[in-house]
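Each chain, letter by letter, is given below.
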Amino acid sequence: MRNRLFSLRQLCIAVFATLSQIAWAETDNWQLNMFKGVTPLSKDMYDLHMIAMIVCAVIGVIVFGVMIYSLIHHRKSKGYQAAHFHDNLKLEIVWSVIPFIILVVLAIPATKILMRMDDSRDADITIKVVGSQWKWQYQYLDQGISYYSNLSTPYAQIQNTQDKSQWYLLEVDKPLVLPVHKKIRFLVTSNDVVHSWWVPELGIKRDAIPGFMHEAWAIINEPGTYRGQCAELCGINHGFMPIVVNALDEQAFNQWVQAQPKVEDEYAAQTAPTVPLKDLSYETLMAKGKDKYEQICGACHKPDGTGIPPMFPALKGSSVAVGKPISRHIEMILNGISGTAMQAYKDQLTNEDIASIATYERNAWGNNTGDLVQPKDVLAVRQSNGQAPKMVNKVQAGGLR
Amino acid sequence: MSQSMAHHAAHDEHHGPAQGKGVFGFIKRWLFTTNHKDIGTLYLWLAMTSFFLAGAMALVIRAELFEPGLQFVNPNFFNQMTTMHGLIMLFGVVMPAFTGMANWQIPMMIGAPDMALPRLNNWSFWLLPFAFALLLSTMFHSGGGPNFGWTMYAPLSTKYAPASTDFMIFSVHMMGLSSIMGSINIIATILNLRAPGMNLMKMPMFVWTWLITAFLLIAIMPVLAGAVTMMLADRHFGTSFFDAAGGGDPILFQHVFWFFGHPEVYVLVLPAFGVISEVIPTFSRKPLFGYHFMVYATVSIAALSFIVWAHHMFTTGIPLGAELFFMYTTMLIAVPTGIKVFNWVSTMFKGAMTFETPMLFAIAFVFLFTIGGFTGLMLALVPADYQYQDTYFVVGHFHYVLVPGVIFSLFAATYYWLPKWTGKRYNECLGKWHFWLSVISVNITFFPMHFLGLAGMPRRIPDYALQFTNFNMVASVGAFIFGFSQLLFLYNVIHTVRKGKKVEEPVWEGAHGLEWTLSSPPPYHSFTEPPEVK
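Sequence lines, in order, name chains A and B. So for the first sequence, our numbering puts the first residue at 1; every next one is plus one. So for the second sequence, our numbering puts the first residue at 1; every next one is plus one.
FYI, nobody ran anything at the bench for these hints, they're computed from the structure. It is possible that some hints are incorrect.
Unchecked claim - No farther apart than 30 Å at their CA atoms in a straight line, the calculated lysine-lysine pairs in the DSS-like style are these:
#	chain 1	residue 1	chain 2	residue 2
1	B	Lys159	A	Lys346
2	A	Lys76	B	Lys502
3	A	Lys78	B	Lys502
4	A	Lys76	B	Lys534
5	A	Lys76	B	Lys424
6	A	Lys43	A	Lys182
7	A	Lys76	B	Lys202
8	A	Lys90	B	Lys534
9	B	Lys159	A	Lys316
10	A	Lys76	B	Lys350
11	A	Lys78	B	Lys350
12	B	Lys28	B	Lys424
13	B	Lys432	A	Lys78
14	A	Lys76	B	Lys501
15	A	Lys346	A	Lys324
16	A	Lys290	B	Lys159
17	A	Lys90	B	Lys350
18	A	Lys376	A	Lys278
19	A	Lys78	B	Lys501
Stated by the list, open to error - To be clear about the criterion: a stretch of chain B counts as covered by chain A if any three or more of its residues have a C-beta under 8 Å from a C-beta of chain A, and this derived list gives those stretches:
#	segment
20	59-73
21	134-146
22	277-291
23	459-473
Small disclaimer: the values here were computed from a predicted structure and weren't measured. By construction, the Cβ of each residue, glycine as well, lies at the ideal position given by its N, Cα and C atoms.
Looking at chain B on its own, in the form it has when it is part of the complex (with noise of 0.2 Å):
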């Protein structure tokens, strides 16, 4: 993959539009922006904020776990927490944060001077914040807000749910038109607006990532539109697609919510390693190895998403045959996935290796996603898999791969990027305590809990039998420690912009990729004449 660039811009010194004077000038300014950098600061900033509610709200769940007995919450309080910690986790903080980075980087990554859509792309933000606010808002409804998980079965969810949950469905149908939107905006701009001579396979492995996450979104967010447009109708319109007294089916609404979830999850896990498979060549000095074996395990990790959705239900009672092919696939999920983290170690192998935050991140990255990996095989043996489901053994799965997998990929992102796009250094060595004290309380808080699954306790619960106190205790401690360490972060980044150190070229020594040839931070508009590609 050679990049060599032939690009030096006269860059003029404007790096942002004209702004009006005031509160008014400032709103304006960000409300009607089609700028690509713009836009994408708007999402990471609702990202980072969506990150601290959500997180806090996990904090509320520790808090009340710590030890048996109900302490600070009452059972259907708690049910909300967990039901907004997992929806504002996946649609308020991993996918904005991601379609930001999108935002910001792709069009620098391929030469283009924005992205193909610039209005498309500001509706597709502006619509998030009001999604949010009506999602958010639920809470203070009476009767509360939804209490039946971010699964939302029926007929939980349906019959037997609180009256908010009609403006959780509105704003899931928000939610999704607004990544749909964004998907169909980054598929049109890496489509149509690369350098000339970038082809397919000269481009950056993020690119690549979202490029098919986009695909993937486009394919499962209207899927989900119609789960919760069902939901709705057997609610208020007299249908029974989820009630068996009708002629319907409960199970119906887990295949159809489990189609569109188990591609979301690869929605959330590809642009992490597109991020990963940047910053690891970055600071290892060596092009990453097996380009084209990366592009091709994405790919295929992609199209076995679809095919591998009733490893969630094996519990539920499918056929025997429906138990083994799901089995099956899903298994060989973990081929293209191993393909993936070979890589990564052999681009390691052999470079020459400096440990800037961004890549320690990445390398816990490697370290404790595979681990979540190594869980997720074990989970995809059905007969071992009736003793996992929905017990905290899942909890522990499925948070490895998020926080220490995707989480950690962001904040290696945001400390790989932050310096390109402020122009401004971060503060390292709070950056290395930000990453210590994170990597430490993450195995900490998410450790235990397979201890807690395989003896026996069932997630979603809000008080528990004795003998899971420690394991419980130990979990709490490393939450607290995780969600106060993050504010370290939040520092950093707000430090950095408002008054980090000018940041001198060439950034990262071993940076490779158009966006290292523009200034940093880069101007308003990216690329106005393409560069070439070699």
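So that you can see chain A by itself, here it is in the shape it has in the complex (with noise of 0.2 Å):
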């Protein structure tokens, strides 16, 4: 009995080992076990599930082998008497207390582990990472970089119109880039809605809690290109907003922040550009701002305007979208509203960003303003005021046509 109970624990290990050898490949459509990753505590995560799926396995296998047993030899239907015991107080006693013993015994490595999360200390690096719906933005503190970083998907290939990419809804413009063998820690927290930073294979789950900030910590092990995605049901969008890290060796890492612009340069260029902005044609104002609509407020307001009142109202028709002044309408993308899910722009999109999505909300489904607004408009609101605008009535915004 002892044999083969050991035999079968072999054939468990053999068994596990083939299919986190499977795993290991790359996109694996029928990957089956979790990610080994590349980071020390992704390794530790992964022996303790493989350890807790062997416990797990061997209990099974007697606790179900007994029962197939009795379920083959105890029938009615082969003659078989029924015994009449019903209590035991010592088997009682030894499945309690030895159920108890295996999980002292996982809790000590669980124990462990979960001590050498919780140590943040002396970091080389420090990124914070704060979640709003629905994109990442990332922050260097000790280098002043700091980006947003979009899903890059093509709308296209959502809605089934064009082929998915390899990548699909696991790609962004931006990605995060880190550097490997140093010790990096992430501070997570959130602009609007519980987000959670996700990434399998750096073996960091940390939920971004607005107001709240976070700790978790990694050292990347090996270069290379690392994909996760959102947790935590964040709203409308959740499942689009991936997370893709690319980690570089020193130099490399180097090169790159030196490429970055820095957090004051690219704000102050976008209220005070040291380039007079160009004038751009109306077709490609609609097929930048289409582009960005559909990646950006399509979410809420529905990539055919009709958005989904009353949360999120329709841009078709709207005394904003098709109204007077268009200062309006741009100060709307560039500050938001307080208290509502419209979120301000104004640090995340160029001044030629908002002008193609203004350009487009105004001409679009209907809304035949033919209204242009360029860069330099967009410029001249951020210049005139940082306010919010406050909510004005139909009348006094040129009302509905």
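Build the complex: two chains, separate frames, hints provided.
Printed below as a string of structure tokens:
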């Protein structure tokens, strides 16, 4: 019996080892097991997961074995006479104590790993991760770099009108770039609702709680691209806010840092550009506007501009999108509307982006105002004030046409 | 547990009340009934209706997830489906179904004529249809229904939620009222109306588990009511319980919610344990093994369920000490749960088993619930939980506990007691078809979800990356087979009630207990004279 059990355990280990090798292959469409990952913690998590699975499998084999044995042999149809025993104190104590001991054995490695996870001291680099509906912002606190990372899968692929690319829904416009072999500390928080920053191969899942900041850490051992997704339901586009991490060696990372615009410069460039802004053609604005709109605005206001009233008002025929002054329209995009889901985009979008979106909104879906919003108009609004627009009644805003 | 009975009631032949003529008479009878069997029937039909409704919602989810890309529904509607599916399956299917079973069975099992508080009983039921009408009406509101998941995490459910959320909040209040009153009634009945000689340690396991469940409900439903009321205040009255900007904390919501939410899990599963502990001894023709330990295990599970709630929140950044505490307490639950499983297996061991439909479902329960228990143990290990949390692994885990666990126990209970309730025999062949289709498809549906979660698929997403396609397709196919197999159950129940063959006594050869001493169907008032239990 003992021999048989032992070989069974060997078999289990062999099976799981094969499974884990399968898990290593890139984009395995039949991946069965957890990622082993590339950080010390993700490897610890994987090991703990395997230990727990083997323990459960062994217990399962024993319990189900006994059960199947009696299901086969102790049948009335085989003329088996029922026994009458119904109590055994010793047995009850045995099967209370043995599981307890197994649990203690499992708890020891779990506790050790947990204590290591909690120790984010002596980090080499600190990255602040800010979740907002439905994108991630990465701030390199020591390097002065800050940018948003948006889903880059085209809307047409989601709508099945275009073939899906290899990294469908797991690709972003600007990935998070990290150095390898450095202790990286993440400070995770949120601007609006609860999100969760999860990259399986880094062994990090940390909820982003608005108003609070929590830590996580990683040391990436291999350069590469690692992908993850938001793991906490955060509204309509919860499924569309992926995370892409590019891990580079130190030299490449430093080069990348050098090439990035610094935070102050980028914002300053938008309010006081050094080169004069060029006017764009209607076609250019509309094409770019459509892309940006579907990527950013479409989740709430719908690709056809009908919105989901009353939470997310329609833009089709709305007083904002067809009314005057146009500056009010631009203000709403720049500053958002406090107390609603409409967030401020002034630090997320360039003048050109906002100009295209506004042009698109004023001319799409039968909003045929013929208005052209140029980057310089956006700049003018940016420079004129920093106040959130107030709700204005339709008459003052120019009314509906 | 000897329940030899000394009761053979002289049954009068009328099994129902006088009913007036026409639709009006029908409505009057069911609206004003205070009879435990009538109310039990009402609860059970409500649960059956909700089961198909919430099941249809699950099929919408699985249809959308069959392939990557958005095909049938938009993400907002998808989120409404996940929210409603969860809320209705919990509050509209499992809880009313078990309350219905409690209404039917508890008076018969303890030798009482009816429930202790019949009018309260009527009100507890009749709150529910209105609560669910209110909840469902939100789907048609402008702005859509609640779309933040059944867990309603703030601030998604407060500042960012659709206007219809207030209706959901009020509906949750009504459900809470109904549950609390139902529980008071069950406790009062069990503690006061037991037949002479039936002391607590002679009560059937189903009665025991319900007694404990009722106490759990009384403890937790006010907590849920408090949580949703705080949501309401945050939404409209300018408070900031869950808003850091005003000095509150979004995590407070999660603490309060899961203080309700975790014992709620045991509210769903303890009566299921009770059912299984009735069914297995009957068809093994052998008394329940370790009755006393079964009772102690149930009590300890219930007690532990109050100190494990933060295991739903390991990734929220709770401090190390709290993570360790909640990990240890959660792991500890495996001990009493293990005792239960071991005792069921020992009950079967050396029995003389037959495999009628109730027994088949009970055996599947023991197998598949145990698998759900294993993944539960894995989830308790905090470092590994960081990779499981909020993924399809969790979805796989709790569906294993709730579908082949709780829902199968409801099927077992229905097939087991239906002949007693109606006096008619269900179609055994159809029952077996229902079982085999269900047990196969349930595994096809939920087992691949573990793989998806481990491979990195988060839960509650309407669209997914390409490498998750294969297992999602498998799961969706399984879900549709499972969903449509349940129509066999519906047909079987309706057919039994209307045209079933008259049952012969004894209904089940190996069944013991007071309810089996009554005629089938039992008289309208179960025990007008208390039976003597030795």
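Here is what the structure says about each hint:
Restraint check: the Cα-Cα separation between B:Lys159 and A:Lys346 comes to about 22 Å, which is no more than 30 Å; the hinted pair holds. About 25 Å separates the Cα atoms of A:Lys76 and B:Lys502, which keeps this hinted pair within 30 Å; it holds. A distance of roughly 29 Å separates the Cα atoms of A:Lys78 and B:Lys502; the hinted pair therefore holds under the 30 Å criterion. Of the supplied pair hints, the one linking A:Lys76 and B:Lys534 holds, its CA atoms being roughly 29 Å apart against a limit of 30 Å.
The straight-line distance between the Cα atoms of A:Lys76 and B:Lys424 is roughly 24 Å, inside the 30 Å bound, and the hint therefore holds. Pair hint A:Lys43 plus A:Lys182 holds up; C-alpha atoms about 17 Å apart against a cutoff of 30 Å. A hinted pair counts as satisfied when its Cα atoms are at most 30 Å apart, and A:Lys76 with B:Lys202 qualifies at roughly 27 Å. The suggested pairing of A:Lys90 with B:Lys534 holds, with an alpha-carbon distance near 27 Å, which does not exceed 30 Å.
The straight-line distance between the Cα atoms of B:Lys159 and A:Lys316 is roughly 25 Å, inside the 30 Å bound, and the hint therefore holds. Distance hint between A:Lys76 and B:Lys350 is fulfilled; the C-alpha atoms sit about 10 Å from each other, no more than 30 Å. At roughly 12 Å between alpha-carbon atoms, A:Lys78 and B:Lys350 fall within 30 Å of each other, so this suggested pair holds. Taking the CA atoms of B:Lys28 and B:Lys424, the gap is about 26 Å. The hint holds against a cut of 30 Å.
Using a Cα cut-off of 30 Å, the hinted pair B:Lys432 and A:Lys78 holds, with the two alpha carbons roughly 20 Å apart. For the hint linking A:Lys76 to B:Lys501, the alpha-carbon distance of about 25 Å falls within 30 Å, and the restraint holds. Of the pairs offered as hints, the one joining A:Lys346 and A:Lys324 holds, with about 21 Å between alpha carbons and a cut-off of 30 Å not exceeded. In summary, the hint linking A:Lys290 to B:Lys159 is supported, as the alpha carbons are separated by about 29 Å, within the 30 Å threshold.
Note on A:Lys90 and B:Lys350: the hinted pairing holds, with a Cα-Cα distance of about 18 Å set against a maximum of 30 Å. Between A:Lys376 and A:Lys278 the alpha-carbon distance is near 8 Å, which keeps this suggested pair within the 30 Å criterion. Among the hinted pairs, A:Lys78 with B:Lys501 is consistent with the structure: their alpha-carbon atoms are about 28 Å apart, no more than 30 Å. Counting residues of the segment 59-73 of chain B whose C-beta lies closer than 8 Å to any C-beta of chain A gives 4; at least three are required, and the coverage claim holds.
Under the rule that three or more residues need a Cβ within less than 8 Å of chain A, the assignment of the segment 134-146 of chain B holds, with 3 such residues. With a threshold of 8 Å between beta carbons, the proposed coverage of the segment 277-291 of chain B by chain A holds, since 8 of its residues qualify and at least three are required. With 12 residues carrying a beta carbon less than 8 Å from a beta carbon of chain A, the segment 459-473 of chain B meets the three-residue requirement, and the given coverage holds.
Consistency note: the structure conflicts with none of the earlier hints.
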